[in-house]
Each structure stands twice: as structure tokens, then as C-alpha cells.
Amino acid sequence: MKRTFAWILAAALTLALLAGCGTQTTPPAATEPPAATQQPAAAETPAPEPEPEVTPEPESEAPASTVNTVILKEADSAMINTYTLLAVNPEAPFTDADGNAVSDVSINTAGAQALIDWLLSDEGLDMAVNYGQADYGDSLFYLLDGAPHYTGEIEPATPETATIRLSTTTSVNDSGLLGNLLPVFEEEYGYTVEIQSAGTGKAIAAAKYGNADLILVHAKSQEEAFVADGFAYVLPGFESERLSFLYNFFVLCGPSEDPAGVASSESVLDAFAAIADGKYTFISRGDGSGTHTKELSLWPEALGITAEPESFADYTDWYVSANAGMGACLVMAEEMGAYILTDKATFLTFQVNGGIMN
Amino acid sequence: MHTALQKALELILNGDRELGNILLVTARMSLSSSLIAMLIGVPAGIFLGAFRFPGRQIWIILNRTLMGMPPVVCGLLLYLLFSGVGPFGKWKMLFTVRIMVLAQVLLITPLVVANLETYVASVSPSVRESARGLGLGRGKTFLLLVNECVYPIFSTYLLAFARAIAEVGAVSMVGGAIAWKTNVMTTAIMQYTNRGNFSLGIALGMILMAVSLAVNIVVSLLQRRLK
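Order-wise, the sequence lines are chains A and B.
Per my numbering, the first sequence starts with residue 18, numbered consecutively.
Per my numbering, the second sequence starts with residue 29, numbered consecutively.
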């Protein structure tokens, strides 16, 4: 018996060692940021398409791109996509899964405050609005007019406050924004930020279950409900629970042939009406995310499309509720030649990577 | 597939730091959870298989039912229990490797128990016969049975390990797939898939299968030596 266990132990140790070597044998020069995906090709891609003028065939501008899905409608005032920070209120009316009140939920308020202070400081805002210039020749996020601005001191980490749990949406995380910003903050002030990224709906649910110290989301109606329920609070030095600071645009994308002719429609609302009228395939996130929430607000009211599956049961011949992340939905749209609403940052990443699926 | 293979090789050859971390967390998680499940499940399985006692059948049925527990349900249950608002929120275990191990132990132990129970039930009459012949007590008989089970224990370990390394539903729920902390191979594959980066997902899948192959070779060799 002893021999058996000795062998098991030896095998386990060898494996652990092997796995350990994998991390330690990295060349010390490897100071690259811990970006999720190294895509060396991305940097070399020639400048992406010049965008504001929406033409039906921007294809010719991007020879490297094999993607047929293009931006058809953007920069419409109905398409502004605002990102908002909310600190979770430690005194919030938390309830457990059965609806019983829970009073002593531990929230790292100091950590959340430090991260928000930094994101809204000169350094944080500057990095955020310049993010994307290097890879896409264009910022992916813009500074909102009248965004809150923090000029005071930022509290460094203490052992109790060092771990910050940030619950956020896939778009800010997948676009690489947080991976670009947070290491600077962590380095400077000694915090570790743990990012959970999911759709806005799930990100907010995580906070309501006491599993996040702050959230960064983009769905006004859901944020307001979160505030109204008492889950957010006004941080010292700020005026509102909802700290909206960055924005970019949702874009309506579709096949470059544009059978519904949405590129020439007056407004984005008309474009959505045209898609519904012609029953052209449309991919909906269908996952309660910010993008999904936005999309629901753009359909003609007469259709009555909501988040409830019953509401679009009659439209299943063209309305596809995918219940998947933005990237997976974009791949689906590309495959099916469908229309899709997406945030611009994710779309540009998708396009620069050549639609990725191969 | 070709691109995926190329990407897999690139990731390995470049010594990608994040991949290294993901592999390390995966190894830590699946080795601990499979070994803990074995420590609990092997004695329990042998006990259930070898000895007749009132209520034994109920335990066996209960265990077989637990084998069918969907990982997502297991994950959801632990998520709610260990949430900030849950009864064990104080322990601050959510989004750690420890709770991922706990979830997997809950999922894997029933498999280990059932596997051992079935085997022992089939060999125990003859073993007990000889134990009685030698005049051994209950404790000694148990040890004799354990000795008989060395071969299936190795097979069961492979089953447990395979389940642990391949599981995604529960660990993504309780681990949160946090980069540099709780992201394992399967959750990373899910993440890349959700981003539409299918070939990187396949690349990670290939690496996962390679690790699995290596473990299987090592354990199978050990098993042969003992035979």
C-alpha cells in the first residue's frame, strides 16, 4: 500500500512541478501586459477603415479583413452607449435567495472608492479615452460631457482592502480596456482587481448577491433600478450614485450587401423597422446584457418585443435570440448574413481579428 | 483546425504567461479535487460494497442519484450558499480555487463511490471467505479488500481526474473565471468561445487533451507495474 501512495504522490508532484515550470520558465523580458490574447497581427493591420461616412462598401478599405459584416448605421443619437460606475452600498437591503434580509454583507468600500477615484482621475480618464488608438487608429471610448472628475488623493491598499471585486460587462473587458488600465492602478496603489465579466444583467445580479464591490455597466434602466432598490450609494466627493463617464456608440451591423437598405435609412429606428418589415435575419444577444437592453428599445413598439421569450415567439423566422456573448453573436451574424446590434469596440476588435473563426 | 494547431503550438512555444497560469490553476484544482474525492470515496465505496448493514440500499440509491447531479446545479447551490448574502458568505470563499475544489469533490465523489462499490460487491464474497478462513477481524478484512482494489482504484482515479479537468459548469459558476486567479482551461475555452475566438478555444482544447493524455499515460504505467 505504501508503495502505491508513494507512486501517486510522486505522479502528483511531477505534474505540479511541470505545471509550475510552465509559468516560471518565461523569459524575464516578458513584461507584456497580461492581455487575454496576444494577436501580433492586429498591430500590423493597416489602419482600419475611416468610419464616419457610412458607405455600403467599406469592404475595399480593409483588405486584411475577411469579414463581410460591416457597420451600416452609427453615430445616431439613439445609439449612444454610456458606461457607468456604481459603488455597491454596504448598507444595501441585501436579501438571500429566499428573500430573507441579510445585514452583514462584507463589501470592500474603501477598495471600490479607490478604484473609482482612480478611474475618474486625470490619469485614469486619459488612459481610457486614448485606449484603442494604437490598435485601431481610433479611440474605442470617449469621455462623456460633464463626466465626474476626481482630483483628490487616492487611498493606497491595506491588507483588508487589497482585493477589489469588479463585476462588469463583457464589452469593457473583451475590448481590452480593463486589461490595459487596471495593471497601472494595481501597480501604483497595491490593489488586486478581480474582474468577473458577464452581461449587464448578470453583473448587477452578482452585486445584489453581495459578490461585487463595484460594477461597471451600460444599461441606464437597469442602473436606475439598481439605485432605486438602494444597492448603490453616493461616494464621498461625488454627487450621484451613477457615475457615467465613458461612452461610445452602438452600431448596427449587417452584411455588406445590406438587403434591408438600412445604411440609407433616416434614423436607426427606421432601420430597425425596415429589418422587421422585410423579416431579415437579426441576431439578438437575448441575455439581458446592456446591448440586449438597448436593442429592445429600438424595435417599433407595435412589435412588442421584450426580453420575454413569448414576446417574440411569432417572429422566430427572422428574430434569433442567441443568448450568447457579443463575440459569439457576431460570428453567428457573419455566418448567417444577419443584422446585429453591437457596441463599436467589440465590433472593431472582431473585424481587426478577421472574424476570428477559421 | 490548422490555425488552431498553429495557435496551440505558438502559445506553448512562446511560454505564454497567462496560459502557464491557467495550466497551473487547472492542475492545482483537478489534482486536489480528484485526490480528495478518492480519499473520501474509496473507503466509502469499499465499505458500501463489502458490508451488509441496514439502510445500505438507500445509501447506494442516494449515491447513484448524486452521480446525476448537473454540475451547473451544484455550482449554483454553492454560489448561493457562499455568496456575500448566503449563510457562508463570511468565509469569503466564493471565486477562489478552494470552492472550485469543493464543488468538484461534490460532483466526483459519488462517481468514485459507485465505481468502487460495484467492483467490491462483485469480489467481496470470495475475499470475505478467505478472511474468515484466516480468522481476520472486520478491520483486517477491510484492509484486505483495499489491497484487492488497487487496480480499479487506479482506473477510478483516472475517471475522477478526467471529470475534474473537463468540468466547466460548476467551476465557472463558483470560480467566476477570474484571470490569473480562478480561470481554468475549460472556463478559458468558454470565454474565448463567447468572444467568438473559436480557434483559440480549440487551441486550448488541444492543450487540455494533451495534458489529459500525459496524466493517463503516467497513471496507466503505474497501474501496469502494480498488476
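Keep in mind that the hints were calculated from the coordinates and are not lab data.
Take the hints with a grain of salt, since some may be wrong.
Said to hold, decoys possible - Here are the computed lysine to aspartate or glutamate pairs in the EDC-like style, where the Cα-Cα straight-line distance is at most 16 Å: (1) K209/B x E241/A; (2) K120/B x E211/A; (3) K296/A x E325/A; (4) K118/B x D121/A; (5) K209/B x D121/A; (6) K168/B x E157/B; (7) K120/B x E177/A; (8) K118/B x D275/A; (9) K209/B x E46/B; (10) K118/B x D334/A; (11) K120/B x D121/A; (12) K296/A x E256/A; (13) K296/A x D331/A.
Unchecked claim - Where chain B lies over chain A, by a calculated footprint (3+ residues, C-beta under 8 Å): (14) 112-126; (15) 164-171; (16) 182-191; (17) 226-235; (18) 292-306.
Even glycine gets a Cβ: it sits at the ideal position worked out from N, Cα and C.
Pair hint outcome, K296/A versus E256/A [Cα-Cα no greater than 16 Å]: Roughly 46 Å between the alpha carbons, so the hint for K296/A and E256/A is violated.
Hint consistency between K168/B and E157/B [alpha-carbon to alpha-carbon, up to 16 Å]: holds, 13 Å
Check of the stretch 182-191 of chain A against chain B for coverage (Cβ-Cβ below 8 Å, three residues minimum): Our answer is that it holds, as 3 residues pass the Cβ test (under 8 Å) against chain B, meeting three.
Pair hint outcome, K296/A versus D331/A [Cα-Cα no greater than 16 Å]: holds, 11 Å
Hinted pair K296/A and E325/A, Cα distance within 16 Å: Violated - the C-alpha atoms of E325/A and K296/A are around 20 Å apart, more than 16 Å.
Restraint check for K209/B with E241/A, where alpha carbons must lie at most 16 Å apart: violated, 32 Å
Holds or violated: K209/B to D121/A, with C-alpha atoms at most 16 Å apart: violated, 26 Å
Hinted pair K120/B and D121/A, Cα distance within 16 Å: holds, 13 Å
Distance restraint between K118/B and D121/A, which requires alpha-carbon spacing of 16 Å or less: With a Cα-Cα distance of about 9 Å, the restraint between K118/B and D121/A holds, given a limit of 16 Å.
Hint consistency between K209/B and E46/B [alpha-carbon to alpha-carbon, up to 16 Å]: holds, 10 Å
Stated coverage of the stretch 112-126 of chain A by chain B [criterion: 3+ residues, CB within 8 Å]: holds (count 8)
Claimed coverage, the stretch 226-235 of chain A by chain B - three or more beta carbons nearer than 8 Å: Held - the stretch 226-235 of chain A has 3 residues with a Cβ nearer than 8 Å to chain B, which meets the minimum of three.
Checked against the numbered hints listed earlier, the structure breaks hints 1, 3, 5, 8, 10, 12, 15 and 18; every other hint is satisfied.
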